[in-house]
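Peer 1: Here the structure of chain A is known, so what remains is to put chain B in place on it, guided by the hints.
Chains as they are written, first to last, in UniProt numbering: chain A, 1 to 281; chain B, 1 to 281.
Among the hints, a few may not be true.
Which copy is meant is left open, so a pair is good if it fits within one copy or across any two.
[Unchecked claim] Dumping the calculated SDA-like pairs for lysine to any residue here, alpha-carbon to alpha-carbon at most 20 Å:
(1) Lys241 <-> Ala264
(2) Lys224 <-> Leu179
(3) Lys202 <-> Phe163
(4) Lys241 <-> Leu262
(5) Lys150 <-> Lys191
(6) Lys183 <-> Asn130
(7) Lys191 <-> Pro157
Calculated directly from the structure, the hints in this document are not laboratory data.
Number of protein chains: 2
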Amino acid sequence: MAAAKNNRTLLLFAAVVAVLATTGSSSARSRWDLRLPSEDEAAPLIHMLRPREASAGSHHLGLLRARVPCDSWRFAVETNSVRDWDTVPEQCERYVGNYMMGGHYRADSRAVVDEAVAYAESLNLTGTGNEVWVFDVDETTLSNLPYYAKHGFGAEPYNSTAFGAYAKDANAPALPESLRLYKRLQALGIKPVILTGRREDKREATATNLARAGYTGYLDLIVKPQHVRVRSLEFKAGERKKLEDAGYVIVGNIGDQWTDILGAPEGARTFKLPDPMYYVG
Amino acid sequence: MAAAKNNRTLLLFAAVVAVLATTGSSSARSRWDLRLPSEDEAAPLIHMLRPREASAGSHHLGLLRARVPCDSWRFAVETNSVRDWDTVPEQCERYVGNYMMGGHYRADSRAVVDEAVAYAESLNLTGTGNEVWVFDVDETTLSNLPYYAKHGFGAEPYNSTAFGAYAKDANAPALPESLRLYKRLQALGIKPVILTGRREDKREATATNLARAGYTGYLDLIVKPQHVRVRSLEFKAGERKKLEDAGYVIVGNIGDQWTDILGAPEGARTFKLPDPMYYVG
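One chain only, chain A, in its complex shape (with noise of 0.2 Å):
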């Protein structure tokens, strides 16, 4: 048993790495690749990853009256329609598994932070320095693809300790787009900032991360003081002021949760990395 636990868990990783190593590149893509691959193409392997583990039920009112298709409940999942929803329905943690580990997720992260990128390369910067981007951490510089590949891709109901210890290992793999997103406004002069919802507990094993990630030079890290009772869109709203109060002037802000890019001042463009997996209130 043990002994299939470890193989599995190999071919986990081996996979994910292999999802997240796959070249953000698109220069070569062909002007005709319209299409995205088939969600299918990685059911195979999905299934393989599935845990045995029965995952958690629906809790979305709408989704369960209505029988809408994954693909929907995800479209008003990632347009901020449905909220405080706090598993993936079971039914849909299959497609979102398709979606996470098929080469959707990448095309996505990849349409936004080209945006991203061809929005900062069109601002006219002061050179002062005074510049910065606010970047989120969880599913935005770090991918926790190899937590949650095991964990029913949110389909589980979310366990702070497992995940919690995940963290502490401080192993998570960066987010390609949002690497390249970052190591692009560096050169351009902007200076990114991390902000993150994550606690003081978790902040030298974020630090860590981050660093073997290949997220260095930043302006800050800041994280959510250990005891204080505050909502992530509050603590956020209240950190960018305060970023904007000491001078900084934030041209970009990109998260995947709703909770990192709404609440003034939410910095001049916001970008909404995808993320059909868990919802951050």
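Peer 2: Relative to chain A, chain B alone:
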């Protein structure tokens, strides 16, 4: 030629009516009906409907650079990461046509409205009659699919003269999902308010069209003053503020554009309907 054009127009309206008339009833859908219909199902229809004129070129820096799949361009557009675009990218005209006509658009609209209905039914209403829900007009209460199906589904540059004539006809059908939400809200005692960027010269035609489409008994129809230069986001946020100052509580707000639902006061919950055909800044 004229006869051929008339035939094509007749076929077009028949096709659009068929799409919009598809029952929104989801209770009959199987629990396992989780896959979307292939976007190619409607392809022959779209091919027939495609205008002869060459569509406008794309101005999406990111997309042009990336050659990202059109589905990923739609993700970036619907999540407000790609902004101020003027036309659907030329290479995505067929994709958007298939999306709008092939069932995907209706399914995404259903997912959003099912959530909105579930949210409204979960409210503890005061019964004082001061609770309102804000509806946009174009691609929210009314569907302009009959127009856009004849104009490249957004791939042709916006023609204010042609669209103005279409709007004056006041024959746009209802977006069926929005009408279902509208009627349910009225049954719950929530008053609809229609808030549109259409200007004063279209008030009468808009009121006539709304009535013909089944939207009756709304609290107010708010249009933009004829000659005031104001962006949609500021105009709509200002009008929502007036509603709150008048003692109304905006329990919900639904539109197809981010400028419908961003800008305080947004309303207690916002719902984003799909619209990959055009952008309103």
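Peer 1: Each hint should be assessed against the structure and marked as holding or not.
Peer 2: Going through the hints against the structure:
1. Lys241 <-> Ala264: both (8 Å within a copy, 17 Å between copies)
2. Lys224 <-> Leu179: Answer is neither: 23 Å inside a copy and 43 Å across each miss the 20 Å cutoff.
3. Lys202 <-> Phe163: within (11 Å within a copy, 55 Å between copies)
4. Lys241 <-> Leu262: Close inside one copy (13 Å) and across copies (19 Å); limit 20 Å.
5. Lys150 <-> Lys191: Classified as neither: same-chain Cα gap 34 Å, cross-chain 47 Å, threshold 20 Å.
6. Lys183 <-> Asn130: Within one copy only: 17 Å inside a chain, 51 Å across chains, cut-off 20 Å.
7. Lys191 <-> Pro157: Classified as neither: same-chain Cα gap 36 Å, cross-chain 37 Å, threshold 20 Å.
Hints 2, 5 and 7, counting from the list given before, are not met by this structure.
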